[in-house]
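Protein sequence lines correspond, in order, to chains A and B. Numbering-wise (our numbering), the first sequence opens with residue 1 and increments by one. Numbering-wise (our numbering), the second sequence opens with residue 1 and increments by one.
Treat the hints as calculated values from the structure; they're not laboratory data. Bear in mind that the values here come from a model prediction, so they are computed numbers and not experimental data. Some clues are possibly wrong.
[What the hints assert, rightly or not] Simulated pairs of lysine-lysine, DSSO-like, Cα-Cα distance not exceeding 30 Å:
1) LYS129/A <-> LYS47/B
2) LYS141/A <-> LYS18/B
3) LYS60/A <-> LYS141/A
4) LYS152/B <-> LYS173/B
5) LYS9/A <-> LYS321/B
6) LYS117/A <-> LYS12/B
7) LYS173/B <-> LYS117/A
8) LYS126/A <-> LYS173/B
9) LYS173/B <-> LYS60/A
10) LYS152/B <-> LYS88/A
11) LYS60/A <-> LYS321/B
12) LYS129/A <-> LYS321/B
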Amino acid sequence: MTNTLLTTKSLSKTYIMGDIQVHALRHVNLEVQKGDFIAIMGASGSGKTTFMNLLGCLDKPSEGEYILDDIPVHQMNEDDLTVIRNQKIGYVFQSFYLLPRTTALENVELPLLYCRKCSLHDRHQKAIKALEIVNIADRAKHYPNQLSGGQQQRVAIARAIVNDPSFILADEPTGNLDTRTSIEVMAVFQQLHANGKTIVLVTHEPDIAQYAHRHITFKDGRIISDKLNTNPKHATQDLLNLPQTDEEA
Amino acid sequence: MSLLGIIRIALKSLTRNKTRTFLTMLGIIIGVAAVIAMLAIGQGAQKIVEDQVNSMGTNVIMVYSNFSQSAVRQAAGGGNLLTIQDAEAIRDQLDGVLYTSPVYNSWGQLKYESKNWRTGIMGVDADYFFIRDMQTSAGELFYRSDVENGAKVCVIGKTVADNLFGDINPVGKIIRIRNIPFTVTGVLTAKGQSVMGNDQDDAVIAPYTTVYQRLLGHRWRNMMIMVSAVSRDAIHIVQQDIMDLLQARHRGTTSEEFVVSSQTDLAETANSVSHTMTILLASIAGISLLVGGIGIMNIMLVSVTERVKEIGIRMAVGAGKRDVLLQFIIEAMAISIMGGILGILLGFGAARVVSKIMDWNIAVTAWSILLSVGFSMSIGIFFGWYPAKKAANLNLIDALRYE
Ligand SMILES: Nc1ncnc2c1ncn2[C@@H]1O[C@H](COP(=O)(O)OP(=O)(O)OP(=O)(O)O)[C@@H](O)[C@H]1O
Ligand SMILES: [Mg+2]
Numbered sequence: 001m002t003n004t005l006l007t008t009k010s011l012s013k014t015y016i017m018g019d020i021q022v023h024a025l026r027h028v029n030l031e032v033q034k035g036d037f038i039a040i041m042g043a044s045g046s047g048k049t050t051f052m053n054l055l056g057c058l059d060k061p062s063e064g065e066y067i068l069d070d071i072p073v074h075q076m077n078e079d080d081l082t083v084i085r086n087q088k089i090g091y092v093f094q095s096f097y098l099l100p101r102t103t104a105l106e107n108v109e110l111p112l113l114y115c116r117k118c119s120l121h122d123r124h125q126k127a128i129k130a131l132e133i134v135n136i137a138d139r140a141k142h143y144p145n146q147l148s149g150g151q152q153q154r155v156a157i158a159r160a161i162v163n164d165p166s167f168i169l170a171d172e173p174t175g176n177l178d179t180r181t182s183i184e185v186m187a188v189f190q191q192l193h194a195n196g197k198t199i200v201l202v203t204h205e206p207d208i209a210q211y212a213h214r215h216i217t218f219k220d221g222r223i224i225s226d227k228l229n230t231n232p233k234h235a236t237q238d239l240l241n242l243p244q245t246d247e248e249a
Numbered sequence: 001m002s003l004l005g006i007i008r009i010a011l012k013s014l015t016r017n018k019t020r021t022f023l024t025m026l027g028i029i030i031g032v033a034a035v036i037a038m039l040a041i042g043q044g045a046q047k048i049v050e051d052q053v054n055s056m057g058t059n060v061i062m063v064y065s066n067f068s069q070s071a072v073r074q075a076a077g078g079g080n081l082l083t084i085q086d087a088e089a090i091r092d093q094l095d096g097v098l099y100t101s102p103v104y105n106s107w108g109q110l111k112y113e114s115k116n117w118r119t120g121i122m123g124v125d126a127d128y129f130f131i132r133d134m135q136t137s138a139g140e141l142f143y144r145s146d147v148e149n150g151a152k153v154c155v156i157g158k159t160v161a162d163n164l165f166g167d168i169n170p171v172g173k174i175i176r177i178r179n180i181p182f183t184v185t186g187v188l189t190a191k192g193q194s195v196m197g198n199d200q201d202d203a204v205i206a207p208y209t210t211v212y213q214r215l216l217g218h219r220w221r222n223m224m225i226m227v228s229a230v231s232r233d234a235i236h237i238v239q240q241d242i243m244d245l246l247q248a249r250h251r252g253t254t255s256e257e258f259v260v261s262s263q264t265d266l267a268e269t270a271n272s273v274s275h276t277m278t279i280l281l282a283s284i285a286g287i288s289l290l291v292g293g294i295g296i297m298n299i300m301l302v303s304v305t306e307r308v309k310e311i312g313i314r315m316a317v318g319a320g321k322r323d324v325l326l327q328f329i330i331e332a333m334a335i336s337i338m339g340g341i342l343g344i345l346l347g348f349g350a351a352r353v354v355s356k357i358m359d360w361n362i363a364v365t366a367w368s369i370l371l372s373v374g375f376s377m378s379i380g381i382f383f384g385w386y387p388a389k390k391a392a393n394l395n396l397i398d399a400l401r402y403e
């Protein structure tokens with residue numbers, strides 16, 4: 001058994017808008033190991049979201065190969081992709097994407113409802129457990145509009161991990177959050193990483209990227225750098241230090 | 001994902017927007033209520049007509065002159081074509097005839113002591129009571145011997161009895177019909193309204209011989225013949241035989257100059273009228289169900305557009321096309337079934353109110369409930385399909401980005 005979680009080979013995505021072709025992603029080759037914690041950076045429009053959508057099986061590549069857990073995802077049909085999204089991947093969005101007028105608990109239960117092999121009767125316990133992992137179980141009965149941005153993002157992360165996927169993708173998960181809540185969310189990701197999850201997240205903030213173990217930079221749809229972060233910061237420690245340096249940070 | 005789970009999801013989304021869900025249901029509610037009430041009322045009306053037709057008697061055939069056709073003859077002084085001899089010929093010569101009676105119809109003033117009542121006067125043979133299944137509620141009918149003797153006896157309908165006698169027992173009393181004294185032998189059992197809508201109990205019936213000699217005199221005589229056939233199956237043949245016999249007896253007449261109509265003819269006419277009514281009402285109900293269905297489709301389309309992002313989120317966490325399709329179809333079906341159930345209750349209530357007001361015996365049949373539930377369910381599926389398909393075919397990324 002290899003330690004490789006996913007491989008992309010010459011992965012490309014071209015949007016065609018009338019006469020114009022937008023090459024959002026150009027022949028990207030990447031290998032992600034199990035247990036990686038990757039931060040993707042790059043200028044706006046460099047193709048980060050496009051790449052994440054392909055990794056998350058939300059979209060299909062125009063060209064190239066994507067192998068996830070030895071599954072040739074690029075050859076899969078819509079139904080198979082649905083199952084992969086549900087079972088293997090947890091996706092966290094910048095603007096949370098929680099269902100309105102639906103409690104935190106029900107939002108977290110959502111992937112379980114669409115899970116073909118899951119039984120329905122233990123879904124409450126599973127959802128509560130996921131909420132406990134991200135430390136928001138006390139708000140289980142709250143509606144999204146009764147939660148702060150950081151709390152909503154925790155609920156969204158709980159939803160992403162409720163089916164216990166080994167692979168978590170997050171596109172600018174701290175993009176809508178202030179410094180403190182950003183670090184709180186990063187602490188959650190670090191904790192998930194410590195528990196063996198593979199994490200790929202996109203961020204514009206170098207500070208946030210410091211919590212990841214590997215840095216990848218995109219430019220014009222290509223990877224221009226791929227470096228290990230040998231000395232990642234610890235979010236929980238930073239949080240302890242934060243009250244003293246609150247406003248200056 | 002399990003069907004149960006999808007049903008749960010669909011119902012949850014409906015309860016999230018209760019007002020809209022109810023408004024969407026309204027069309028179906030009204031449509032189904034209309035179907036239920038219409039069918040119940042239609043059947044009630046049909047039952048009434050049947051009862052009225054049956055109140056005429058059993059296997060009754062009516063024979064009369066068609067005045068519009070014999071106008072020339074009348075102008076020449078011929079008068080009514082039918083005669084007592086015709087009635088006797090029908091009685092004596094035709095197989096399949098059980099009873100025959102001539103019927104003279106007239107109007108006149110009745111008087112008992114100081115009370116007056118204007119009513120229909122009928123002169124009939126004693127067999128008339130058998131033809132029309134008439135019984136007395138007090139006293140007795142008159143007999144063949146009374147007819148043969150031209151006795152001055154009569155039976156009166158309930159309406160006449162009420163108006164002339166009030167609480168007094170009319171049996172044995174003497175009333176004056178057009179100033180000629182008659183002894184009341186009995187009061188007829190009430191029959192209610194006729195098919196034509198007139199009060200069958202507002203009449204005085206006397207032997208035709210007496211009516212002919214004492215009351216009608218030389219005046220124009222409006223006579224018809226009532227016949228009863230031995231069986232329902234015989235009615236048709238007897239009708240034809242009567243027509244043939246009349247034409248043979250009145251040389252040079254055409255079949256247009258006589259009308260030989262039967263109770264079944266009348267029942268058929270009445271039935272076809274109520275049938276037409278039922279079809280009319282059913283199409284109104286059908287149209288409102290259709291409009292209700294289009295309403296569902298409309299709201300579902302709005303709802304899909306409103307919830308594009310929600311659909312995108314569901315797909316992102318693992319909802320397949322099939323799941324989304326089912327969710328929206330089940331939502332549409334739930335709306336229409338709920339609407340159907342509320343409609344049944346409403347229609348049931350409406351039918352009850354009508355039955356109270358009209359004093360009809362109206363029954364909501366299981367059949368009409370099945371029909372409307374089935375219909376509203378199919379409407380849910382039919383009109384829910386297009387919006388559901390639209391939702392299921394959304395592109396995930398586009399749906400997520402939709403603002
Ligand atoms: N649906 C689409 N149709 C057409 N072009 C698109 C579409 N989505 C993205 N693009 C284009 O693809 C390129 C890459 O977009 P992408 O969203 O991946 O950038 P990004 O790196 O995530 O940027 P940001 O940091 O602003 O989120 C951009 O030029 C964008 O305009
Ligand atoms: Mg982006």
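Tested hints:
Distance check on the hinted pair: LYS129/A and LYS47/B sit about 66 Å apart at the alpha-carbon level, beyond 30 Å; violated. With a C-alpha separation of about 20 Å, the suggested pair LYS141/A and LYS18/B falls inside the 30 Å cut-off, and the hint holds. Note on LYS60/A and LYS141/A: the hinted pairing is violated, with a Cα-Cα distance of about 36 Å set against a maximum of 30 Å. Between the alpha carbons of LYS152/B and LYS173/B the distance comes to roughly 12 Å, so the proposed pair stays at or under 30 Å and holds.
Between LYS9/A and LYS321/B the CA atoms are separated by roughly 29 Å; this keeps the pair inside 30 Å, and the hint holds. Taking the CA atoms of LYS117/A and LYS12/B, the gap is about 22 Å. The hint holds against a cut of 30 Å. The suggested pairing of LYS173/B with LYS117/A is violated, with an alpha-carbon distance near 93 Å, which exceeds 30 Å. For the proposed pair LYS126/A and LYS173/B, the alpha carbon gap of about 95 Å is over 30 Å, so the pair is violated.
With a C-alpha separation of about 104 Å, the suggested pair LYS173/B and LYS60/A falls outside the 30 Å cut-off, and the hint is violated. Between the alpha carbons of LYS152/B and LYS88/A the distance comes to roughly 106 Å, so the proposed pair goes past 30 Å and is violated. Restraint check: the Cα-Cα separation between LYS60/A and LYS321/B comes to about 16 Å, which is no more than 30 Å; the hinted pair holds. With a C-alpha separation of about 29 Å, the suggested pair LYS129/A and LYS321/B falls inside the 30 Å cut-off, and the hint holds.
Figure legend: structure checked against the earlier numbered hints; hints not met, in rising order: 1, 3, 7, 8, 9, 10.
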